[in-house]
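The listed protein sequences derive, respectively, from chains E and S.
Counting with the working numbering, you get residues 7 to 286 for the letters of the first sequence.
Counting with the working numbering, you get residues 13 to 183 for the letters of the second sequence.
Just so you know, these hints were derived from the structure itself, not from any lab.
Keep in mind that the hints are not guaranteed to be accurate.
List time: in silico DSS-like cross-link candidates among lysine-lysine, alpha-carbon distance up to 25 Å [unchecked claim]:
(1) S/Lys171 to E/Lys252
(2) S/Lys166 to S/Lys91
(3) S/Lys183 to E/Lys252
(4) E/Lys259 to S/Lys89
(5) S/Lys183 to E/Lys263
(6) S/Lys171 to E/Lys88
(7) S/Lys95 to E/Lys88
(8) E/Lys259 to S/Lys171
(9) E/Lys158 to S/Lys95
(10) S/Lys166 to E/Lys252
(11) S/Lys91 to E/Lys158
(12) E/Lys259 to S/Lys183
(13) S/Lys89 to E/Lys158
(14) E/Lys252 to S/Lys91
(15) S/Lys88 to E/Lys252
(16) S/Lys88 to E/Lys88
(17) E/Lys88 to S/Lys26
Computed from a predicted model, the values in this text were never measured in an experiment.
Next come the chains, spelled out residue by residue.
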Amino acid sequence: MLKDFLEGKPFRHPLHPMLVHFPIGLFILSLLLDLGSFAFRSTPNLVRDAFYAMLLGIIAALIAAVPGFVDYTDIRSDHPGKRTATAHLTLNLIVVGLYGINLGVRSSTLDAFKTPVGPLILSLVGIALLSVSGYLGGRLVYDDGIGVGRHKRRTSTPENTLHLTRGGNGEAVFVPVPEAESLRDRETLRVEIDGQVIAIAKLDGNFYAFQEFCTHRFGPLSEGDFEGFNVQCPWHNSCFDVRTGKVTNGPAKVDLKTFKVETHDGKICIGAPRATEKSS
Amino acid sequence: MKWLLDFLKGKWLKHPLHPILVHVPMAMWPSALIFDLLSRWNGNAMVRLSFYAIAFGLIASLLAVPTGVVDWSGIKKEKPAWKIGLYHMILNLVVALLFAVNLGLRVHTYREETIVVGAPLALSIIGTALLIGSAYLGGLMVYDYGISVARMSKKKWRKIAEAGGANLPQK
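For reference, chain E alone in the conformation it holds in the complex (with noise of 0.2 Å):
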């Protein structure tokens, strides 16, 4: 429940893009207001105001923290976004470590009338890192998908892709994949059998196998959401008949693969396509 709502699955919004305006302004008005202590000799203040600009930019920082290492926690570990997540937590950390130690510096120097050197190099390399910082979180939702969508997925999605193969003969086989034992109702498995990486889910009792990618901008299925028989894309709301692979919402038009799912010898398989000529 607690992740649910640090996900923001109520607001049907992700929190922590919402939360990191604060941090991201608030310590740029403190700079600014760093920057104005030299241009307006006669403003008096501007450093004391800085200071607390960037006293309630940290605060605002560590609040938004904890919803975002929820949501870093939550991406796929062999996600392409997920080293860009990695670079955009570290910077952060080490973005609010520099600010800390900014506060503490400066705080002697509150009645001076410009903000000492020290001080405003800190701040300089601190506005620096977050932009490439924020920079990448951004390249995380715009790019990545990161968060879209995701608080219309009822059920936790896959951790990573299990692989699984074929063996050498190369003629169409079925491939035994135990973890789906395991799945509950509305539940997902990312697959990749010999490069061909499917969605498995499981509705009402019956497993269905199709392809994970949407077709129209190519959004993870694995993660969507499901209603009957359909699977939602959570980038773009384009929906799927998983039984048959077909359209019934745009704005997706080309249908699906789906792969045949049998049970043999008491254990779930499923029919990985014939070996193909690998296209260069």
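Position chain S relative to chain E; hints supplied.
Okay, now just chain S, sitting in the frame of chain E:
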């Protein structure tokens, strides 16, 4: 003209510009309200800080307008996100106007005043409330409807999907 539209869409940065720029007013105006409230205890320092925050927010919001309009104009009219975008825009105009008036009311007094009360405080409260509503709608466009999501990374994801054996649309 196309270069200008591409610039405003943030193609050169590989990141839409509007959501970057809005951090400033989004942070400054609610902070101004907090500073207003803190002025009760911290006096003139908070009155000044609130003034600077409102001013900085206004400047950034003016920059955010063209980028937002360009992003919005890219949404098809029949989509639900178009209407949300329209409400988002109208609300933002109201909010920016309220804070402009708010700033005007303070400009002659913020250097000496030790507390924010009355009309400026009321304007900060109303402005912040509307801003939160409006910003929520903006966030909904991204996180619920996927506006600007995978727009600039389409090629990258197409390659990943292709390598993963997916059915793909024609290029």
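Are S/Lys88 and E/Lys252 close enough, with their CA atoms no more than 25 Å apart?
-> holds, 24 Å
25 Å limit on alpha-carbon distance, applied to hinted pair S/Lys88 and E/Lys88 = violated, 32 Å
Under the criterion that the straight-line Cα-Cα distance not exceed 25 Å, is the pair S/Lys183, E/Lys263 satisfied?
-> With a Cα-Cα distance of about 18 Å, the restraint between S/Lys183 and E/Lys263 holds, given a limit of 25 Å.
Agreement of S/Lys91 and E/Lys158 with the hint, judged by alpha carbon distance not exceeding 25 Å = Cα-Cα ~19 Å, so holds.
Regarding the pair E/Lys88 and S/Lys26, is the alpha-carbon distance no greater than 25 Å?
-> Judged against 25 Å, a Cα distance of about 18 Å means the pair holds.
Straight-line Cα separation of E/Lys259 and S/Lys171 no greater than 25 Å?
-> Roughly 18 Å separates the two Cα atoms, so the pair holds.
S/Lys166 paired with S/Lys91 [C-alpha distance capped at 25 Å] | holds, 20 Å
Restraint status (C-alpha distance of S/Lys95 to E/Lys88 at most 25 Å) | With a Cα-Cα distance of about 33 Å, the restraint between S/Lys95 and E/Lys88 is violated, given a limit of 25 Å.
Is it true that the CA of S/Lys171 sits at most 25 Å from the CA of E/Lys252?
-> holds, 22 Å
Given pair status - S/Lys91, E/Lys252, alpha carbons within 25 Å = Holds, because 21 Å separates the two Cα atoms, which is no more than 25 Å.
Agreement of E/Lys158 and S/Lys95 with the hint, judged by alpha carbon distance not exceeding 25 Å = OK: E/Lys158 and S/Lys95 at ~21 Å, within 25 Å.
Does S/Lys183 pair with E/Lys252 here, judged by a C-alpha cut-off of 25 Å?
-> With Cα atoms ~20 Å apart, S/Lys183 and E/Lys252 stay inside 25 Å; holds.
The structure does not agree with the numbered hints 7 and 16 stated previously, though it agrees with the rest.
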